[in-house]
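Novice: Based on the provided sequences and hints, a complete structural model is requested.
If you want the building blocks of each chain, they are given just below.
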Amino acid sequence: MNLVFEILVAVLIIIGGVFTLIGSWGMVKLPELMSRLHAPTKATTLGVGGALLASMLYFAAFKSHLSLHELLISMFLFLTAPITAHFLAKAHIHRHVDPVRELPRPDGHGWGTFEAPHDAAAEMKAVMDDGPDPAAAEKAHNDDAGRSPR
Amino acid sequence: MIDHALSFALGATSLALLLNLWRLVHGPSVIDRVLAVDTMVINMIALIIFYGIHEGTPVYFEAALILAMFGFVSTVAFCRFVLRGDIIE
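First to last, the sequence lines map onto chains A and B. First residue of the first sequence: 1, per full-length UniProt numbering; consecutive thereafter. First residue of the second sequence: 1, per full-length UniProt numbering; consecutive thereafter.
Treat the hints loosely; a few may be bogus.
Unchecked claim - Straight-line Cα separation of at most 20 Å, DMTMM-like style, residue types lysine to aspartate or glutamate; simulated pairs: (1) Lys-90/A <-> Asp-86/B; (2) Lys-63/A <-> Glu-62/B; (3) Lys-90/A <-> Glu-115/A; (4) Lys-42/A <-> Asp-32/B; (5) Lys-42/A <-> Glu-32/A; (6) Lys-63/A <-> Glu-55/B; (7) Lys-29/A <-> Asp-32/B; (8) Lys-63/A <-> Glu-6/A; (9) Lys-90/A <-> Asp-32/B; (10) Lys-63/A <-> Asp-3/B.
Treat the hints as calculated values from the structure; they're not laboratory data. As the structure is a computational prediction, the values presented were derived from the model and not from experiment.
Specialist: Printed below as a string of structure tokens:
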């Protein structure tokens, strides 16, 4: 039984190490930033996830000490990784990409990230003050449908 | 067996950190450097966890947790500074 746990922990540790290396190798190797963003996510999910699972199993099996800190760390990383990726992509698209020449043109509205912030509270208040106006409501709905969320 | 796996994983993670350092020094734009720092923080968390298994104490998890939080906050702050020129408006 001990040997089974040992093999399992060793395999998880190796998976963690290999995926951490693959993430960084991809970040060095890939040609441009938007594809470089993709590689380190493997290091975040599989690399650190494997390491955390390995340590949880190791301390539970060999030190008879079950700790849930690892779950806390992995949950925090899984929650924050998409946010950082989104911020990096947004910063890149605003600084280094020409929206007219380099991006495909969507139907109707342009790219939501380049538009001025849209004051939903003021629009709602105007609609409430004017009373129910079907045409305005319809227009507001169409506006919202064409806009990607900021 | 775990010792061999750990020495392999520590070596792989250190190599990954060196690759991140190459991207940090070389990376053509600011965003590349921010991405490199973010990945470095992730790899440091993995390194600390491997070292904690190696030492056999659960003390290092607090360090890993704090590093995860600081990494997230610093990346968001960097991106916000690059985007808006200001962090707290």
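Novice: Which hint numbers does the structure go against, in order from smallest to largest?
Specialist: none
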